[in-house]
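Undergrad: Since chain A is already given, all that's left is putting chain B on it; use the hints.
Chains A and B, in that order, give the protein sequences. Residue numbers for the first sequence follow our numbering, so the first one is 1 and each next one is one higher. Residue numbers for the second sequence follow our numbering, so the first one is 211 and each next one is one higher.
By construction, these hints were calculated from the structure, which means they are not laboratory data. Using N, Cα and C, we set each Cβ at its ideal position, and we do this for glycine too. Warning: the hint list may mix true and false statements.
To be verified - Straight-line Cα separation of at most 30 Å, DSBU-like style, residue types lysine-lysine; simulated pairs: (1) K35/A - K330/B; (2) K54/A - K330/B; (3) K54/A - K96/A; (4) K96/A - K330/B; (5) K54/A - K35/A; (6) K96/A - K35/A; (7) K101/A - K54/A; (8) K101/A - K330/B.
What the hints assert, rightly or not - Reference listing, derived: stretches of chain A covered by chain B, where coverage requires no fewer than 3 residues with Cβ under 8 Å from a Cβ of chain B: (9) 91-103; (10) 116-127; (11) 160-172.
To be verified - One-sided and incomplete, this derived list gives chain A residues near chain B with beta-carbon spacing under 7 Å: (12) L13; (13) T36; (14) T37.
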Amino acid sequence: MRLNELGTIVVILAVAAAAYLLQESPLPPPPLQPKTTVILVPDAGGRVGAVSVKSAQGETVIDRAYASATATGANAPVVGSSNPAEVQRIFGSTIKALPPKPVSYTLYFLEGRDEYTPESRQIIESIFLELSRRSAADIAVIGHTDRVGALEYNDRLSLQRTERVRADLIRRGVPERSITVAGRGEREPLVATADEVPEPRNRRVEINIR
Amino acid sequence: MIFRVLKSVFVVVASLFAFSSMAADDAGQIKVANGSVTIERGGQSLAATPGTRVLQSDILRTGANGSVGITMTDNTLLSAGPNSVLVLERYAFNSTTHQGQFDAGLRRGTLSMVSGKLAKQSPEAVRVITPATVLGARGTEFHVKVTE
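So that you can see chain A by itself, here it is in the shape it has in the complex (with noise of 0.2 Å):
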């Protein structure tokens, strides 16, 4: 009798853990589809590239303005078309958050100095323009020489340029670390030319804005 009563509890016992057990592991939820949607559109000179969409089951390329390709999960990505209005209203403001285009200066100098043509003392203004307007700017500064002078003569004039663009930077209140020089000497002309040549096309610095 008392076994009897024992036995039934422990069936009741055993009934509610795996009732309980059951409750507190229900089914896995479906898998989730990972949706993943591009869309390709001009870049700021107009010019559309392509973009190829692979998925487990398939692959596609769109190379139109504003093709889009759409893959959930494993499926074969399909291809559809967005707009305008559609793609400022999903990424407007990832787009506000690109960082500006990269942008380069040239600077030429006079023969054998480290001083700048008339021309290009109105260009440092733009480029100081430029740089007000952009934050945590990357500015590298690359010299050049034409070929008059020997090899080593104008590694150092080319030094001498790129130092010249980096102290009127500095001048104008570039945080020095935001700025790296090379000297190229007359290893890199603009126009090739003949040893000893002038050439004032080669009388330059580089200077790259990121």
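TA: Same frame as chain A, but now just chain B:
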């Protein structure tokens, strides 16, 4: 034909080895940071502000009001919108040859990309990897959204 395929596979593998030595270099720099943005690097969480350098393997997370814009050393521009997880899975760029590889992982959220020198050099050099797709970024500007 098979030799040509093997050769190109070899070139890709060889260049990956060649570039792996550059892994510790700067990959890019944060230029824009709005709202909540953090960088996860080696298990630590760092503040992301304009000027902060980013490295390969960094994980960038944005909050509900957050967005972040990055300029890579090859001039690729990319930005992530609110509630995004962006992983700089692989980055290598040789500034002389313009060769290398950039794999950006978008786990969730939104990404805008304007391609730089890497994509110009090789059509397979820049990829966006999402939970179930691989995008080949052949240029020049596009947007990606990942939802679950």
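Undergrad: All hints are to be evaluated individually against the structure, with a verdict given for each.
TA: Status of the hints after comparison with the structure:
no., hint, result
1, K35/A - K330/B, "holds (28 Å)"
2, K54/A - K330/B, "holds (20 Å)"
3, K54/A - K96/A, "holds (28 Å)"
4, K96/A - K330/B, "holds (24 Å)"
5, K54/A - K35/A, "holds (13 Å)"
6, K96/A - K35/A, "holds (23 Å)"
7, K101/A - K54/A, "holds (28 Å)"
8, K101/A - K330/B, "holds (15 Å)"
9, 91-103, "holds (count 11)"
10, 116-127, "violated (count 0)"
11, 160-172, "violated (count 0)"
12, L13, "violated (41 Å)"
13, T36, "holds (4 Å)"
14, T37, "holds (5 Å)"
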